[in-house]
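Participant: Assemble the whole structure, with the sequences as input and the hints as a guide.
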Amino acid sequence: MHKLIAAAVALSMAASAQAQLGDILKRIDPSKVRKTAKVVQQASHDFTEDEEADIGRVVAARILATYHLAKNDKVQQYVTLVGNTVAAYSTRPTLEWHFAVIEAPFVNAFSAPGGFIFITTDALKQMHSEAELATVLGHEIAHVTQKHILKEIKRGNTISAGVDLAKETSAGSSFLNDEMGEKISKIAYDKLFTTGLSRRDEEEADTIGTEIAAAAGYKASEFLTFLEALQKLEGTSQMKMLISTHPRPEDRIAYLRPKLKDEKGAALAERWDEWTQPLAR
Amino acid sequence: MKCVLSCLLLVAGAATLVAAPPLFHSPTESKWSVSKGSTSIGTITLLTSSSGTRAEFRAPSGTVTTLLGGKESVWMRTSGGDVELSTVSAATPETTTAAALLLPFTTTKSDAVETKDGKPSSYKFRGAHATYTFDAKGPSKVAIDLGGQKYTLTRTSMSSSSASESSFAIKPKKSAASRLARLSGDLLGPSDTSVSATAGGRGAGTKGLKLKDGGDYTAVKNLEDRDAKWKKKLDSALADFQKEGNVGKAREE
Chain X
1 MHKLIAAAVA
11 LSMAASAQAQ
21 LGDILKRIDP
31 SKVRKTAKVV
41 QQASHDFTED
51 EEADIGRVVA
61 ARILATYHLA
71 KNDKVQQYVT
81 LVGNTVAAYS
91 TRPTLEWHFA
101 VIEAPFVNAF
111 SAPGGFIFIT
121 TDALKQMHSE
131 AELATVLGHE
141 IAHVTQKHIL
151 KEIKRGNTIS
161 AGVDLAKETS
171 AGSSFLNDEM
181 GEKISKIAYD
191 KLFTTGLSRR
201 DEEEADTIGT
211 EIAAAAGYKA
221 SEFLTFLEAL
231 QKLEGTSQMK
241 MLISTHPRPE
251 DRIAYLRPKL
261 KDEKGAALAE
271 RWDEWTQPLA
281 R
Chain G
1 MKCVLSCLLL
11 VAGAATLVAA
21 PPLFHSPTES
31 KWSVSKGSTS
41 IGTITLLTSS
51 SGTRAEFRAP
61 SGTVTTLLGG
71 KESVWMRTSG
81 GDVELSTVSA
91 ATPETTTAAA
101 LLLPFTTTKS
111 DAVETKDGKP
121 SSYKFRGAHA
131 TYTFDAKGPS
141 KVAIDLGGQK
151 YTLTRTSMSS
161 SSASESSFAI
171 KPKKSAASRL
181 ARLSGDLLGP
191 SDTSVSATAG
201 GRGAGTKGLK
211 LKDGGDYTAV
221 KNLEDRDAKW
231 KKKLDSALAD
241 FQKEGNVGKA
251 REE
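Top to bottom, those sequences are chains X and G. The opening residue of the first sequence carries number 1 in this note's numbering; numbering runs sequentially from there. The opening residue of the second sequence carries number 1 in this note's numbering; numbering runs sequentially from there.
There could be a bad hint or two in this list.
To be verified - A few chain G residues that face chain X, going by a derived Cβ cut-off under 10 Å, partial list only:
{"no.": "1", "residue": "Met-76"}
{"no.": "2", "residue": "Lys-173"}
{"no.": "3", "residue": "Gly-214"}
{"no.": "4", "residue": "Gly-215"}
{"no.": "5", "residue": "Thr-218"}
{"no.": "6", "residue": "Lys-221"}
{"no.": "7", "residue": "Glu-224"}
{"no.": "8", "residue": "Lys-249"}
As the list claims (entries may be wrong) - Lysine-lysine pairs mimicking DSS-like chemistry, simulated, CA-CA at most 30 Å apart:
{"no.": "9", "chain 1": "X", "residue 1": "Lys-125", "chain 2": "G", "residue 2": "Lys-150"}
{"no.": "10", "chain 1": "X", "residue 1": "Lys-74", "chain 2": "G", "residue 2": "Lys-232"}
{"no.": "11", "chain 1": "X", "residue 1": "Lys-125", "chain 2": "G", "residue 2": "Lys-124"}
{"no.": "12", "chain 1": "G", "residue 1": "Lys-232", "chain 2": "X", "residue 2": "Lys-71"}
{"no.": "13", "chain 1": "G", "residue 1": "Lys-173", "chain 2": "G", "residue 2": "Lys-243"}
{"no.": "14", "chain 1": "G", "residue 1": "Lys-36", "chain 2": "X", "residue 2": "Lys-261"}
{"no.": "15", "chain 1": "X", "residue 1": "Lys-154", "chain 2": "X", "residue 2": "Lys-125"}
Keep in mind that the hints were calculated from the coordinates and are not lab data. No residue lacks a Cβ here, since even glycine has one placed at the ideal position from N, Cα and C.
Facilitator: What follows is the structure, encoded as structure tokens:
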């Protein structure tokens, strides 16, 4: 008997809830519901390579609006050759990678979604071997393969809202529009030049970067040599930006050293000297 | 008259700058210990002959750095051939200590070698300053100051040598320019007209993305165009580059 009463009460509550839900749905504009659903869908959307490349172009354009490509073809070629050698061992070997050296009076390297990698002339001047370059490029390649910047851009809901808007306003061309370009550019600028990515993302890039450089045959422990050189520059204007956007070199050395203890592979210091002679140290 | 005599005496007695004399006058093989302060950092085996000199620095890790004196210069042996030490920017303890034993061959013609009694007494080269001590058999100790770091080379053994002349043969690498051009597949050489500026590059310039966000989209397009032009030659350039450095796919073969 008790069971029958309980079932009757439950049925009556369910009927009431259904009626209330029906009332709510009647009050909602169906077009708004469709638009919201579209935004939610886009927020969890995995971008195609072309879409990612367009986002990367926005970020790269922001970088290149501030810093010019170094006018040194030999060094540009060298960085391209080393970069492509390492990228082949990443999880995205078929991505159209672009490696470029930019003139800048500070030590840093940047990556943008879609495979754009930039390294400053001052960063190169702190290196002594090809393996150091390979590991630094490996770090940047890892930011791309792990989509770190892309995640930050997504987190800002820039793309979800923007994609929806863009598809309504400029179908057929890039899925980005001016408003989104500005938002992406701002987020990327903040992350790359001011606040930096999370420590977790940086550690992941350090780990994966050294792993793929080692897989390509480079002596990954040379990354420690580079970080030690940076340690000596701490407190200088050359290091200000890197310190504000990355973990301190000593912290990076501390968590990387145990992983890189028995690293073998090629350092290629002589080849480094040969190719980078045009860079006046 | 008094002045002339004293001047002559001064000239005769003072260290004089002349073409460098050799450290050893007959074919020898000598072993040297190398220390920095009281710490041993390696050993050097030095071979001399009438035509050349050869020094092999062996680090405790087993890594060997080989320098050769000949063809009026000092050369470093590398996997792709011998390169003049003067073209290598880094002055390491290995190359500096070994180079100090290669006289009469100097790293550049402007290196300063001082002599006394027909023997080298000091040698300034590549930011280093070496001073030599002799015993009855020949040079026995070399003190080197490299940017404030002090290194000491002590002869531990010496014997006559019958090393073949091939040990002293210098095989220079092809000229850097031609070799680098080959390694890079001459990526920046004359444009291959069969490759369009946008070929191969994923969307290189095809989308014409140009937003009003202050970004330099022309620079991005130029970068993509550059890589699209390189793309056709990149694979063969990478193959040579990786083979020479024993990295990448060449390492797996």
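Participant: If you draw a straight line from the CA of Lys-173/G to the CA of Lys-243/G, is it 30 Å or shorter?
Facilitator: Cα-Cα ~15 Å, so holds.
Participant: For the pair supplied as a hint, Lys-125/X and Lys-150/G, is the alpha-carbon distance within the 30 Å limit?
Facilitator: Holds, at about 26 Å.
Participant: So, Glu-224/G near chain X? Judge it on the closest CB pair being under 10 Å.
Facilitator: holds, 7 Å
Participant: Is Lys-125/X within 30 Å of Lys-124/G, Cα to Cα?
Facilitator: holds, 26 Å
Participant: Next pair to validate is Lys-154/X with Lys-125/X; report whether the Cα-Cα distance is within 30 Å.
Facilitator: Between Lys-154/X and Lys-125/X the Cα gap is close to 35 Å, so the pair fails against 30 Å, i.e. violated.
Participant: Checking hints one by one. Is Gly-214/G an interface residue toward chain X, by the C-beta closer than 10 Å rule?
Facilitator: At 6 Å from the nearest chain X Cβ, Gly-214/G passes the 10 Å test, so the hint holds.
Participant: Against chain X, with CB atoms and a cut of 10 Å, does the hint on Lys-221/G hold up?
Facilitator: holds, 9 Å
Participant: Go through the hint on Lys-249/G and say holds or violated, using the shortest Cβ distance to chain X against 10 Å.
Facilitator: Holds: closest Cβ of chain X sits about 7 Å from Lys-249/G, inside 10 Å.
Participant: Going straight from one Cα to the other, do Lys-36/G and Lys-261/X come out at no more than 30 Å?
Facilitator: Holds, at roughly 25 Å.
Participant: With a cut-off of 30 Å on the C-alpha distance, tell me whether Lys-232/G and Lys-71/X pass.
Facilitator: holds, 22 Å
Participant: With chain X as the partner, please determine if Met-76/G meets the hint condition of a C-beta pair closer than 10 Å.
Facilitator: holds, 7 Å
Participant: Quick check on the hint: Gly-215/G CB to chain X CB, less than 10 Å?
Facilitator: holds, 3 Å
Consistency note: the structure conflicts with earlier hint 15 alone.
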